[in-house]
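Asker: Turn these sequences into a full structure, and let the hints guide you.
One-letter residues, chain by chain:
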Amino acid sequence: MALKIVKGSIDRMFDKNLQDLVRGIRNHKEDEAKYISTCIDEIKQELKQDNIAVKANAVCKLTYLQMLGYDVSWAAFNIVEVMSSSKFTYKRIGYLAASQCFHESTDVIMLTTNQIRKDLSSPNQYDTGVALTGLSCFVTPDLARDLANDIMTLMSHTKPYIRKKAVLIMYKVFLKYPESLRPAFPRLKEKLEDPDPGVQSAAVNVICELARRNPKNYLSLAPLFFKLMTSSTNNWVLIKIIKLFGALTPLEPRLGKKLIEPLTNLIHSTSAMSLLYECVNTVIAVLISLSSGMPNHSASIQLCVQKLRILIEDSDQNLKYLGLLAMSKILKTHPKSVQSHKDLILQCLDDKDESIRLRALDLLYGMVSKKNLMEIVKKLMLHVDKAEGTTYRDELLTKIIDICSQSNYQYITNFEWYISILVELTRLEGTRHGHLIASQMLDVAIRVKAIRVFAVAQMATLLDNAHLLTGNMQRKGICEVLYAAAWICGEFSEHLENPMQTLEAMLRPKVATLPGHIQAVYVQNAAKLFATVLKSQEGNTESTAAQETSQLMIDRLPLFVQSANLEVQERASCILQLVKYIQKLQQKDVEVSEEVSALFAGELNPVAPKAQKKVPVPEGLDLDAWINEPPSESESEDEQPKAIFAKEEPKHSRPRHTEVDEKELARRREARKQEQANNPFYIKASPSSQKVYQEGPGVEHIPVVQIDLSVPLKVPGLPMSDQYVKLEEERRQKERAEKKKKEKKKRKEKRSGRGKKHDSGPESEEDITPAHMVDIVTEEMPENALPSDDDEKDPNDPHKALDIDLDNLVETAKRRPLADSEKLPVRSHRAAEAPKSPTEDGDAESAALQEPKKKSSKEKREKKKDKERDRKKSKEEKKKKKHKHEEKEEDLLGGQADEPAVQSEETSEVAAPPTSTSAEEAATVAAEEAAPVPEAASGTAPDSEPDEPKDTEMEESKSSKHKKKKQKKEKEEKEKKKKKKHHHHHHHSDGGGGEESVQNGTVEDEEPLPPMSNYCLLAENSYIKMVNDIQGNLQDGSQVVVSVIFENKCESFLKSMEFNVLDSLNSKLQRPEGSGPHDGLTVPFQLPPGVSNEARFVFTVQSIVMPQKLKGTLTFIVKNEDSSTHEKLDFKLHFTCTSYLITTPCYSDAFAKLLESGDLKGSSVRLEGVNMPFHHLLARICFHHHFSVVERIDSCASMYSRSIQGHHVCLLVKTSGQTVSIDAKCDEPTLLGNVLDEIKQTFSQC
Amino acid sequence: MIKAILIFNNHGKPRLSKFYEHYSEDTEQQIIRETFHLVSKRDENVCNFLEGGMLIGGSDYKLIYRHYATLYFVFCVDSSESELGILDLIQVFVETLDKCFENVCELDLIFHVDKVHNILAEMVMGGMVLETNMNEIITQVDAQNKMEKSEVNLTLPVLFMFECMT
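Read top to bottom, the protein sequences are chains A and B. Per full-length UniProt numbering, numbering of the first sequence is gapless, rising by one per residue and ending at 1246. Per full-length UniProt numbering, numbering of the second sequence is gapless, rising by one per residue and ending at 166.
In case anyone wonders, no lab produced these hints; they're calculated from the structure. Idealized CB from N, CA, C, for every residue including glycine. Each statement offered as a hint is correct.
Pair ranges (Cβ atoms, derived):
hint, chain 1, residue 1, chain 2, residue 2, range
1, A, 257, B, 150, 56 to 62 Å
2, A, 365, B, 37, 27 to 33 Å
3, B, 150, A, 352, 53 to 59 Å
4, A, 1156, B, 138, 57 to 63 Å
5, A, 382, B, 139, 54 to 60 Å
6, B, 101, A, 42, 24 to 30 Å
7, A, 153, B, 101, 35 to 41 Å
8, B, 37, A, 727, 39 to 45 Å
9, B, 79, A, 574, 50 to 56 Å
10, A, 104, B, 151, 31 to 37 Å
11, B, 37, A, 340, 35 to 41 Å
12, A, 299, B, 79, 23 to 29 Å
13, A, 382, B, 10, 31 to 37 Å
Answerer: Dropping the structure here:
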């Protein structure tokens, strides 16, 4: 043993350390890679040794090699070994290595949990510190979940050094494990007032990061921050706070008003430029948020602009840059104040610093007017010529186009000038923005009718000189312009002077070298041109000329028929055949030009880029709904996309949103965009959508090297834009002169006028009239487009999960059925206990983790499970985002579960599918809407988390039950049950993982449940059958929703169904506003033979303690081929007390408290001769009577439910032999009695 | 948030790279190269802020850098950081290095990249600024180095003893 150690240490003396490695690499400059590979071999040997010092040394070297770009993930396990060394020296090396190369998919990370926990609680503060630092770099959702409690404890550590690190790392924990935010927040808030400035600063830092993403949740902290701002002297903290205020003010204008004064004081007093700058920035934010016009604010704006001017004029380039940056913020709301500094900004355009020029360019956008647009653009064009480096030049190009096209070409007075600018821009080499220029050309040519003649002439010249644009590979981006040119020439070919020449140019063999999508446009537009040429030639009665043209087409088109591009090939062969046919006709002396041009007749109107998005979704159509059966849970992820198209799947299915559907949607959207991009008839204006244009293979990856051509590339025969500037000047002068003349005349006429008042001062904006009467065609929008105008946030933003209302921490906790302490709800999958409140859970969790050795072996087994759960979790989170609006509105316990039901109720009431086939489809849609997706249900805000999964499930299983074939229905039911179990599993892993034994009264290995349905027969005759189910509406304590499935049993068509109920004092059918109390409700669909569909009706009830029956009638028309008859069907709608209950899960401790409280009155019932397994019995009670199992021990179980009006109903179910005794407690004895009667009845039936 | 901290020399050789978000090794090298390419072609007397850089960041991100003798210190930060504040932070970082290494030069960074990492860890943690006070940083770094030394002292005599035995 001793010898071994000695040997190890001697080895160590001969080992290379980091310094030796670095030295070695420096000495082997020529064969560095070879040298390093031998070093790596050595390191591998060292890692095999037992001596931890040797290992640490090896890991240290690996960290260095990682920086040089070598993958060292293979040593991850050794890194963990070094991390777990007891010596700080090695531990630090280990953690450093881990922080450099571990990431979420490093699988050994899960082995570190206990080591990190140990280090976090180490008595040595530096062990803890190193662990925290390392963890901050590689924290995973699992680590965050498992360690959140430990880190939270450290937030109150005695040493400020640890406190500040613990506080800071919490942000990372929140990101990875959003559930921790709510319980940790109070302590975090506390740290804002920590005596140690470092800790305080860290807390400010974390809250600022949080608030930046979801500012509204942090408004309540404003007073605290205000206090900090006025008291703190730490500039770093001040800057953070002031930045935070900048984010908060848009939400709360009153805050802004309060801020102005202290900020102004700071601006005047501080000597730190960084602080001054941030103050100015925030004042700007405040001013933007306040509606302007208040006198004292104009003073503030002046102060800001003045300070910024000082910054911009400063010799320090950094200040200049920041000054311009802030200026651009003011520009948006107070353009006038910025415009007065135009001189300064134009000056900055000449700055040698590119960053500054870019910022100045941003500002220019707001400075242009009709008067100076040409002048500014001219200046920019000069810069374009001078610009070295493509990035800046491209930036200039986009800016020029931005400036000119802004607010619908508002500032352009002369479109001929603009077209020539665009044409001049095509001379740029290597620009990536060819498509941008192209889209501008298209846009202008289409929308400004007056300019078409000019544009077409220009484009024809461009086409003629296409070789200049395509001549060299560097200019690949710019050839996009030809796309526009070809299209314009084709579409507006009637304006062409010499269409024949253009046609010839478009059919040159060289065209075949262009990208496919451009060739396609060429071919198509050649056909348009051909039509125009034919027309003119036939008019001249020179049939030979016309035939020659056809011959030209026939000669040249085969080139395109051979194209590898499918689009080109298809179009070309189509047109070729057409022309051949035309030629045949021509040879017979038939006049064809009319017919040919009829092919391309009609005006194309521009379509607004958002038009498609704004087409209102027809009511009753759910775009997210599945059309076919989604793949079942058990299938592997990769198979899912395939299954979407699988036709053999049963039609009616359990609707479910999965992330696949989002991905799929995105994919389709992408595909659609692509398609649109290649479609010349689809006009887009936004640059973002334009990007797709350029999807040519790897255009972006071709390194753009600037080539220096001494000869400027000029397209001959094109006018220079400059001459327009001159012309425009002259024109304006002339105009002005004329105006003056006129005015003089006027004045002469009105001699009595007050003389000097009309003196024409400097030319004002309105005086400039456009050179052409331009008719800017507005883009078309669909009728009744929705006015919404927002770009949604990125749904993948991890920060969305952190959008948690923190102010209502206490309130929401109160509303819960259980007391919620500050402890973290730990998502544990290890401890197997009955579900309890999070409080106890946390302890259970840590207790379970006391045995580290066992765990690591367990770990592997659970890894799989874990992964699955994680996958679900991520789905869940996505859903969470999706359903965010619901969360926000939700104010009652678990309220949201019922919301979808209400929604679908509305939709199905209004949707009236006109045709028989769509009726069925609508049924599916309705069902899908009605059945909230499980993920959606469980992915609710943490404040309602434990409450609703079950009633969602119930909802779901019920609403999707209207199947044509009962068997199928039942089979699905079974499946659903299984899934249900599965689902609960995962949901309750939040609560403690005990679900395996008890949830829903079923145990995994017990026999499967029989199919169950809550739909009971309402009425039936030879035409129609009605089954119904009643559900409470949790959001509104006085509402129940009755879902009725209508099934057409006859061979005829059923239509005009009207559902009416005779209201009682207690229960009323909700009718649309304006209808009388006895009016029936129209069922929103018709039923073809054999089809069933579901409609929902809302009833208001006052008292829910008694069951009641309502009489009603359904009237409908039976339509045969030859006749139609009125029929009616009477029914009795039975509102049981059960239907007022809502499945609400309850933790065992809360349940115990509830029973202890003594407010509940008891009652009991005995059921004899119940011959079914206990878990079936429980499942039946759960399913039919909306209960949830709280705890189950052998043949005894406690169950819980709540009424829509908040009555608690607790059951204790015991079984012995065939006797079942139910002891029940409830705060409303009548209700309880009735519920028990109903339960009894359920079991007497079976 | 700080997304990455890079130190490289005038030839683009990385001297320290710290990414607070995961990238593959290849991407990291690409980012370093791209950043070097962007930063190195700038004149001495231009501003220290830089937009662009396709790989790292996006519109919300900025490169903030300082050039000291042979070394570039580059921070990639998002809009929640104050530009001037980060410039100050770089200054603090360099001054701290100067104190810890006594007249720091590129060679110190080349041979003791682990120490640089340790110093940086006391300033920035997980992409967020932890400490800006130089004295505090130095105190903590020194205390940890002292601990390291004490551990070495503990082990050496034992080693020596064994060596004598053989």
